[in-house]
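**Q** Next come the chains, spelled out residue by residue.
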Amino acid sequence: MTNHWIDIKNTDVCLIIGSNAAEHHPICFKWVLKAKEERGAKIIHVDPKFSRTSARSDFHVPLRSGTDIAFMGGMIRYVLEENKYFHEFVNDYTNASFIVNERYTFNNGLFGGYNPATKLYDKSTWQFEMDEQGKVRRDPTLRHPRCVLQLLKKHYSRYTPAKVSEITGVRQDTLLKVYKAFSETGKPDKSGTILYALGWTQHTVGVQNIRTSGIIQLLLGNVGIAGGGINALRGEPNVQGTTDHAILYNVLPGYLPVPRANMPTLAEYNKMTTPVSKEPNSINWWQNRPKYMVSLLKAYFGDYAHKENDFGYSWLPKADIVKNEHDGDYSYIYLFDKMFNGELKGGSIWATNPAQSLPNSNKVRKALSNLDFLYISEIHANETTDFWRGPGMNPKEVKTEVFLFPSCHRAEKEGSISNSGRWILWHNKAVNPMGDSKPMGQIMIDIMNKVKKLYGKEGGVFSEPINKLNWYKKYEPELIAKRINGSYVSGDNKGKLLTGFLDFSDDGSTASLNWLYAGTITDKDGNRLKRRSLEQTPLQAAIRTASLGIPPGPLFDGMAPTGRATFPMGAPRHYPTKGVRAPSLC
Amino acid sequence: MKLTRRELLKITGAGAGAIALGGIGYNYLVMESYAKKLKIKGAREVISICPFCSVSCHFIAHVRNGKVVSTEGDPGYPVSEGALCAKGSTMLSMINSDHRLVKPLYRAPFSEKWEEKSWSWMIDKLARRIKETRDKNFIAKNESGQVVNRVDALFHMGSSQMSNEEASIVVQAMRAMGIVHIDHQARI
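Protein sequence lines, in the order shown, are assigned to chains A and B.
For the first sequence, counting from 1, position 553 maps to 552 in my numbering; every step adds exactly one.
For the second sequence, counting from 1, position 73 maps to 74 in my numbering; every step adds exactly one.
The set of hints was computed from the structure by calculation and includes no laboratory data.
For glycine and all other residues, C-beta sits at the position ideal for the given N, C-alpha and C.
Heads up, a few of these hints could be off.
Unchecked claim - If you anchor each label on the Cβ, the simulated ranges turn out as follows:
1. A:LEU119 <-> B:LYS114: 30 to 38 angstroms
2. B:ALA141 <-> A:ASN107: 52 to 60 angstroms
3. B:VAL148 <-> A:LYS176: 44 to 52 angstroms
To be verified - SDA-like, lysine to any residue: derived pairs with alpha carbons at most 25 angstroms apart:
4. A:LYS473 <-> B:PHE111
5. B:LYS126 <-> A:ASP309
6. B:LYS114 <-> A:VAL89
7. A:LYS153 <-> A:ASP121
8. B:LYS137 <-> A:THR203
9. A:LYS449 <-> B:TYR107
10. A:LYS395 <-> B:LYS68
11. A:LYS428 <-> A:LYS306
12. A:LYS398 <-> B:VAL47
13. A:LYS179 <-> A:VAL89
14. A:LYS306 <-> B:LYS118
15. B:LYS126 <-> A:TYR471
16. A:LYS473 <-> B:LYS126
17. B:LYS88 <-> B:LYS142
18. A:LYS472 <-> B:ARG130
19. A:LYS467 <-> A:ASP435
20. A:LYS428 <-> B:GLY67
21. B:LYS68 <-> A:ASP309
22. A:LYS277 <-> A:LYS306
23. B:LYS114 <-> A:ASN352
24. B:LYS114 <-> A:ARG388
25. B:LYS142 <-> A:GLU457
26. A:LYS481 <-> A:PHE500
27. B:LYS142 <-> A:GLU307
28. A:LYS162 <-> A:THR140
29. A:LYS322 <-> A:LYS395
30. B:LYS118 <-> A:GLY434
31. B:LYS88 <-> A:GLN201
To be verified - A short list of chain B residues far from chain A (calculated; beta carbon distances all over 12 angstroms):
32. ARG45
33. HIS100
34. GLU133
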């Protein structure tokens, strides 16, 4: 999310679309209700079905599933036609004034540059017009027919209320009610926020759905202000972290583009992926990309990575260029499609359940049965671990060799996770793993150490990246967290931890597994992710005194001193609420 | 000891209700005797984070004799302020569940059952499989003659349940092996 959970309380209008926040992110909903009760915010829920979120909203708008682009398109048109956009913001902070080159076309639903054979666009016809110095041409009056704002207006002029109503099934007066309410936030002193979740992402047009919210929030100037933004309610507790650390086919940790086959050297990679800007006011932060890439390579290969061997760049696999739907796309659905067609031989599935989560579970089971081997790390058996005896499967015909490793629970290991508001949070180890279960980190370390041993002893194909890997013996989260943060590996500061983005360099003197996390652990403050005062706060002391009449201090002789205020029963209530409920008994 | 109804109510649940109502007429002795029955008596408190949604509510695990005996919301986490939803409230049952896998299990090709195996047996066999498959299916150059150094035949799936540290080393290992089919729950 661009803003934060708690910041939702600052909004004037909360548009919940593609989300059932009250049921799927229940704790966040108190902040939505705070906005409603304390600020008089309007809560609008757009969802095909009526749910608990709708019950608490000011009004519920049912629409046909999958018609969000039209719904939001109608809003964009309304905002532009009725002049509700925040003029100064749009002028100064967006590309609305940029002029697009004259080869740009849009006809009959297709933009210019479409190649029907590959089903891909050639985007060169979409570029901005540049002047002789390489700077983008603009029209600050926003009247030029090819400036972004005018093209946007023309594009969305098609989404009239009548048309949108026809597509979405929403009545025109309801559409206008929503558009009017939300576009009020285009005023400088008003903010509106959009909450979305998997109701928007689980479509083939998921990215496009979210794009419409980007357009709207930029037009209304709801970006970078309290109560504004696009608050994506992420699904899992650490999908944000695992996105940052790039368990993804198309990026390396820190959102560095994955190297492709047309980038044989590091220099080529840097040239093709590092944006250049001639604009005097452009920060162009990605110009620092080479520093982050070299630091990542140094973290991956340690002392084996140096300038003469491109820091080990050739040891990284190169993805193919995206030539069509199947080439260069190694993503989830295509992955299972290839597996179904017998193109994949083996692999791993960790703490996820495709046989249940993917739309076609029969296809998933059939696909998995084509593998020679599969290793899974899970906390309990599920449809994927036992796919070989699932519906439609005859185990006697399934050749897949399955290794099922017991994974321990979060409370049985320590480490950090990143919440949807991009806070990095440390969790502590409460107890040892149950039975013979282990943390996933330990499982990975053990497997890789054995693979390294085999390659070390027997040799094999292209063994360098495996032999030279900067690896571990034991899973020690704090040590890895330090490597993620990064440190100086040579020079006067050798051994010191990096303190932030600005410490990176591309000469091999810094190493970091993810530049975004630099500064999380510092020499001065130690592990900042663990920072937590366990002292009793004045508020806790006041509640305790008020409810028990006992001054601060250990409560009962029998209770172990914990150094923090614990409440005899249940969690305390911070605010007096109407309808006080009895605290829960343990 | 014969208890009047009033005394019984005082000792049990209603005693708690009395506290909730702001300590009017509470009886310290009642509280103390009640406290001695609490299952979290003498327990160590450890703060962890719920694994269900990305609000990431913190919870306090009460640990006694190496076992988690209770979980409750952590009031120090600013987003939840100590609350837990229906999923988070069940944390204790998830940690101590009978359904937990506690032994490595192996399913041989064409077998109809799981077999318990040791960690070292599993890792040895698996590493051998990975090496065989990687060596056999390694692609040094693609059809256009470009150097790609990858293994299309191997894949990696998951997980957003991993911590940052786990995710980091898993990606490092997979890339080192030349794997490009990498994805997880972030993409649907």
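**Q** Evaluate each hint against the coordinates.
**A** Here is how each hint holds up against the structure:
1. A:LEU119 <-> B:LYS114: 30 to 38 angstroms: Taking Cβ atoms as reference, A:LEU119 and B:LYS114 lie about 48 angstroms apart, which means the hint is violated.
2. B:ALA141 <-> A:ASN107: 52 to 60 angstroms: Between B:ALA141 and A:ASN107, where Cβ atoms are some 45 angstroms apart, the hint is violated.
3. B:VAL148 <-> A:LYS176: 44 to 52 angstroms: violated, 59 angstroms
4. A:LYS473 <-> B:PHE111: Answer violated: A:LYS473 to B:PHE111 is near 35 angstroms, above 25 angstroms.
5. B:LYS126 <-> A:ASP309: violated, 34 angstroms
6. B:LYS114 <-> A:VAL89: Violated, because 63 angstroms separates the two Cα atoms, which is more than 25 angstroms.
7. A:LYS153 <-> A:ASP121: holds, 22 angstroms
8. B:LYS137 <-> A:THR203: violated, 35 angstroms
9. A:LYS449 <-> B:TYR107: OK: A:LYS449 and B:TYR107 at ~18 angstroms, within 25 angstroms.
10. A:LYS395 <-> B:LYS68: This hinted pair is violated, its Cα atoms lying about 41 angstroms apart.
11. A:LYS428 <-> A:LYS306: The hint is violated at about 40 angstroms.
12. A:LYS398 <-> B:VAL47: violated, 44 angstroms
13. A:LYS179 <-> A:VAL89: holds, 19 angstroms
14. A:LYS306 <-> B:LYS118: violated, 45 angstroms
15. B:LYS126 <-> A:TYR471: Status holds; Cα separation ~21 angstroms.
16. A:LYS473 <-> B:LYS126: It holds: about 20 angstroms lies between the C-alpha atoms, which stays within 25 angstroms.
17. B:LYS88 <-> B:LYS142: violated, 49 angstroms
18. A:LYS472 <-> B:ARG130: Status holds; Cα separation ~21 angstroms.
19. A:LYS467 <-> A:ASP435: violated, 30 angstroms
20. A:LYS428 <-> B:GLY67: OK: A:LYS428 and B:GLY67 at ~11 angstroms, within 25 angstroms.
21. B:LYS68 <-> A:ASP309: violated, 50 angstroms
22. A:LYS277 <-> A:LYS306: Given that 25 angstroms is the threshold and the Cα spacing comes to 29 angstroms, the pair is violated.
23. B:LYS114 <-> A:ASN352: holds, 20 angstroms
24. B:LYS114 <-> A:ARG388: OK: B:LYS114 and A:ARG388 at ~9 angstroms, within 25 angstroms.
25. B:LYS142 <-> A:GLU457: Holds: B:LYS142 and A:GLU457 sit about 23 angstroms apart, inside 25 angstroms.
26. A:LYS481 <-> A:PHE500: holds, 15 angstroms
27. B:LYS142 <-> A:GLU307: holds, 22 angstroms
28. A:LYS162 <-> A:THR140: Status violated; Cα separation ~30 angstroms.
29. A:LYS322 <-> A:LYS395: violated, 40 angstroms
30. B:LYS118 <-> A:GLY434: holds, 14 angstroms
31. B:LYS88 <-> A:GLN201: With a Cα-Cα distance of about 22 angstroms, the restraint between B:LYS88 and A:GLN201 holds, given a limit of 25 angstroms.
32. ARG45: violated, 7 angstroms
33. HIS100: At roughly 4 angstroms from the nearest Cβ of chain A, B:HIS100 sits no farther out than 12 angstroms, so the non-interface label is violated.
34. GLU133: violated, 9 angstroms
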